[in-house]
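Colleague: Sequence lines, in order, name chains A and B. Just so it is clear: in the first sequence, position 7 is 7 by the numbering used here, and no numbers are missing. Just so it is clear: in the second sequence, position 132 is 132 by the numbering used here, and no numbers are missing.
Please note that the accuracy of each hint is not assured.
[As the list claims (entries may be wrong)] Quick partial rundown of chain B residues pointing at chain A, CB under 7 Å, derived from the structure:
id, residue
1, K38
2, R74
3, N75
4, Y87
5, N90
6, L111
[To be verified] Quick list of in silico lysine-lysine cross-link-like pairs, DSSO-like style, CA-CA up to 27 Å:
id, chain 1, residue 1, chain 2, residue 2
7, B, K38, B, K51
8, A, K191, B, K62
9, B, K96, A, K57
Keep in mind the hints are simulated off the structure, nothing from the lab. Virtual Cβ for every residue (Gly too), placed ideally from N, Cα, C.
In case you want the letters, here they are:
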Amino acid sequence: MTNCNALIAKDIVASCDDPIVGGLEANAVIINREDIDFALVSFNTTRKNVIENLPLKVGKRGYKAYVPGGKPFTGTKTSLEKGTYRNTFANDFALVVLENDPDVAAQVIDGLANGKFIVVFENNHKNLNKATTPGDSAVQVFGYYQGLQSETIDNDKYSEEVDGGWSILLKETKSPKSAIFLYKESLTATKALMDALTQLPANGS
Amino acid sequence: MEANTTLVYLSSLFGRIAALTEEDRLSIEQLYTQIMPKAFVRRSGCNDCYKDALIELQIKIKNSGMKKQKYRLRNGVLLFDHESKEYYTNSNLTDKIAKAYLKKHPDEAKLFAEIPEVETEETEVEDEPEIPEVETTSKGRRKNKQS
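All chains, please: the whole structure from these sequences, using the hints.
Modeller: Next up, the structure:
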């Protein structure tokens, strides 16, 4: 095993053909971290920050998270964390639940309060004009290394933003990589893979 | 119910999609659960759920008949065939494709949630059935096309 190098290995440029754009699409997937079959997760053979398959344990599924509005998942970001020997990254995933009833409280909020999660989300920036692997900027994964855990959960009855719904911040700390992407062959295939995370098993469980 | 009869029945439901009865909806749900490799989700306020289910059922029956799929992938898995450049998830995987894929990539059996244990005559994957196309008459009724 060699020492991990801490060098940059690519020119820093800005694409004029496919300029980066901020923001996220309205649909994401939240998966209970314990439902991931880590032994079967496969990474790209050369790019070790690209996941190509994210198999769940048999009978398990991810859950869709839809947030409407012009700026869905506002507050989602990655930040550097300074360490004694090694710097790492913190991932914040912010979502709102625009519902409040006994089922939402029991089946969503209570779970989010105490569980560990992986979130798969889609950037507005797709990077489709790349010569190779076009579309590989689109789908990103938070929580793979350490899991996302709830940092804050608020239900402000007079909130102007969520109108009495739930406002949640999930946080992953000490992630060793700045970003993990989900990508397999094309953006279309990758979106199909993202959809395949949330299918109900045949027995309906 | 045979595949042809079911397709005609599904077409008749499609013809009156805006006026489905509760019995029709239950019938679609039962057929879906019986045939598709995933469960039907009855979402509140979803106007197109049953329309989508009918389309999925018609495609599934035309492609692989009435039998429930025997091969099923784990969620979060996408198979990519480098020769054909086709990709498969549970949404478009058929038993025939799964069997052929596993023959080429036996080590990827671990990515499947369901695989028939023994390939007996009964569990052997059949060829795609020949099913006559269903067309709509000018009066909006549906009938089997005579070849």
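Colleague: Run the distance test for K191 of chain A versus K62 of chain B: straight-line Cα separation, threshold 27 Å.
Modeller: holds, 25 Å
Colleague: Between K38 of chain B and K51 of chain B, does the CA-CA distance stay at or below 27 Å?
Modeller: Given that 27 Å is the threshold and the Cα spacing comes to 16 Å, the pair holds.
Colleague: Should the hint that N90 of chain B touches chain A count as held when the rule is a Cβ pair under 7 Å?
Modeller: holds, 6 Å
Colleague: Quick check on R74 of chain B please, does its C-beta sit within 7 Å of some C-beta on chain A?
Modeller: holds, 5 Å
Colleague: Quick check on K38 of chain B please, does its C-beta sit within 7 Å of some C-beta on chain A?
Modeller: Result: holds, 5 Å to nearest chain A Cβ.
Colleague: Can we keep the N75 of chain B interface hint, with Cβ of chain A closer than 7 Å?
Modeller: holds, 4 Å
Colleague: Does Y87 of chain B hold up as a contact with chain A if the rule is Cβ-Cβ below 7 Å?
Modeller: holds, 4 Å
Colleague: Report holds or violated for the interface hint on L111 of chain B, using the least CB-CB distance to chain A and a cut-off of 7 Å.
Modeller: With a closest approach of 6 Å, the L111 of chain B hint holds.
Colleague: Given the hinted pair K96 of chain B and K57 of chain A, is their Cα-Cα distance within 27 Å?
Modeller: Measuring from Cα to Cα gives roughly 24 Å; hence the hint holds.
Going through the hint list in order, the structure satisfies each hint without exception.
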